[in-house]
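There are 2 protein chains.
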Amino acid sequence: MNDHADPVAGLKQTLAEAARQTDQTLAEILPAPTGLHARVQEAMRYAVFAGGKRLRPFLVLSSAALFGAPQARALRVAAAIEALHTYSLVHDDLPCMDDDDLRRGQPTTHRKFDEATAVLAGDALLTLSFEILAHPDTHPDAEVRCQLVALLAKAGGSEGMIGGQMMDIDAPNREHTPDEVILLQRMKTGALFEFSCEAGAILGGGTIEDRQRLRGYARDFGLAFQITDDLIDVTSSAEAAGKAVGKDQDQGKATLVSIHGVEGARRQAEELAAAAADAVAVYGPVAEPLRLLPYYLIGRET
Amino acid sequence: MNDHADPVAGLKQTLAEAARQTDQTLAEILPAPTGLHARVQEAMRYAVFAGGKRLRPFLVLSSAALFGAPQARALRVAAAIEALHTYSLVHDDLPCMDDDDLRRGQPTTHRKFDEATAVLAGDALLTLSFEILAHPDTHPDAEVRCQLVALLAKAGGSEGMIGGQMMDIDAPNREHTPDEVILLQRMKTGALFEFSCEAGAILGGGTIEDRQRLRGYARDFGLAFQITDDLIDVTSSAEAAGKAVGKDQDQGKATLVSIHGVEGARRQAEELAAAAADAVAVYGPVAEPLRLLPYYLIGRET
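For the protein sequence lines, the chains are A and B, in the order given. Quick note: the first sequence uses our numbering, first residue -18, plus one each step. Quick note: the second sequence uses our numbering, first residue -18, plus one each step.
In isolation and in its complexed conformation, chain A is listed as follows (with noise of 0.2 Å):
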């Protein structure tokens, strides 16, 4: 993907422009704020372009380059799942969920429009990115794009992110063991992960075996990162997350930081980092990006 010396430079410089390639797309495919309901699409442009490392676009577009997918697809489905990742942002910020009045470092969408706003340009995210797999400059074949929807919707919905954050709402009022945490995270942040993976092998034509394997790297990387997160909250600054940290603690929130402790956790972080970057080894040199991902993303300072 770039023949820069130094691999962690390389990488930045790859999810840079997957982000700016990503970015670029979404911006043709959002609708333009016009007539008496502007207000709406201006709020869906504000939450998806309030920041953000593009990562759920960065793995759609990796996945699929190991398959030679045409990238221009590939934009389009990586555009698709960044719209359901802003909608649940834009959702859980709101007062009746995590009521967090910033999100990277800038007021979330109700503190900048309204509540219903938000509601609403959150409900048309989620519809756009529907609209946008299902659309024929996605994939030429019908089947295919079928199969995206069907994915997409799953991995979304009440037994995929959803459930997961039914299951985090309702975490103080249980205790949770650790494969209960597991299982919640896996829903809630590993389920749109797996689907960006799978959603590449799908569009470059891969085997059922490329898929499983693209979701057990998403499984082990999506754990890692969202351990990497928990991490944060614990033990890093509000200013240097540009978010409101400690929550998890003062909300009694079961983590792996919590059962395990930093250093358990950090390890176990390790661990999955390396079986996620092993397993994609395999497809070689063209995986390089993806392979790497994982040991960047928890070595991250923020």
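In short, the hints are calculated from the structure, not lab data. Incorrect hints may appear among the rest.
Reference listing, derived: stretches of chain B covered by chain A, where coverage requires no fewer than 3 residues with Cβ under 8 Å from a Cβ of chain A [said to hold, decoys possible]:
| no. | stretch |
| --- | --- |
| 1 | 11 to 23 |
| 2 | 94 to 100 |
| 3 | 109 to 120 |
| 4 | 139 to 149 |
| 5 | 160 to 169 |
Here a beta-carbon is modelled for each residue, glycine too, at the ideal position from N, C-alpha and C.
Since chain A is already given, all that's left is putting chain B on it; use the hints.
Showing chain B alone in chain A's frame:
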């Protein structure tokens, strides 16, 4: 559709049968509440089975019947549109939106559960509607399924229903022309009616002309229905309507009733109902339920 001597009694029977079959399909499709996230799936079922006329499913089934589409397929599309319609009610009732405690005489979802669960249940119902459409059971041809997904996303998105809701929320802050009020209502409630009727034609392999004719039917019928709803808001009691009434006036929202007066609006609803009925008469006896429906609904007591 039935051989009842009294056309209204026959229509009522057809409506009840469509509702019964749709409910059965929804009961099969909605995820069974299980695990630590059961609460969101309980809320989904609560919202869906809190009553309702199942008008949109009736439109899908009746339109599909014009073209001889297999009923099992039409029932899945009926379930999808009802899931999406239900999500819009759940979110619309939230404190930050219309702030309603009652819906069809029963506690709204956020009153029965809580706000966070209602937001998530709405999100999950919206997501489920696309999952239903993308599934091979809905139609063997993936091209047809993708058309349905794309059409529903457009109808329910920021240029359709959600855009209409945004206009509606902003309504008290603006003076609306009659054309703007019609546009608002066409987006907010008409878009899903148009989807329901056109989807029947798509399922059954109707021509472009068929699709346009049924959209026209839905447009006229939908506006007549909305005017009747606004008339109820002005003239009915809360007890008879099963929900809070007089809210449009209290909130200063422009409706065709506030613009044209009760008599003028009633006359307009009658003209629209007649135009809708005429449009589908061309299909002969099989269109009888669709032909009778607009007359029946504008004359309804509640």
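Each hint, compared with the structure:
Note: the stretch 11 to 23 of chain B has 7 residues with beta-carbon separation from chain A under 8 Å; the three-residue rule is met and the coverage holds. Given as covered by chain A, the stretch 94 to 100 of chain B passes the check, having 5 residues with a CB less than 8 Å from a CB of that chain where 3 are the minimum. For the stretch 109 to 120 of chain B, the proposed coverage by chain A is satisfied: 7 residues have a C-beta within less than 8 Å of a C-beta in that chain, meeting the threshold of three. Requiring three or more residues with a Cβ within less than 8 Å of a Cβ of chain A, the coverage given for the stretch 139 to 149 of chain B holds, as 8 such residues are present.
Counting residues of the stretch 160 to 169 of chain B whose C-beta sits closer than 8 Å to any C-beta of chain A gives 4, which meets the bar of three, so the coverage hint holds.
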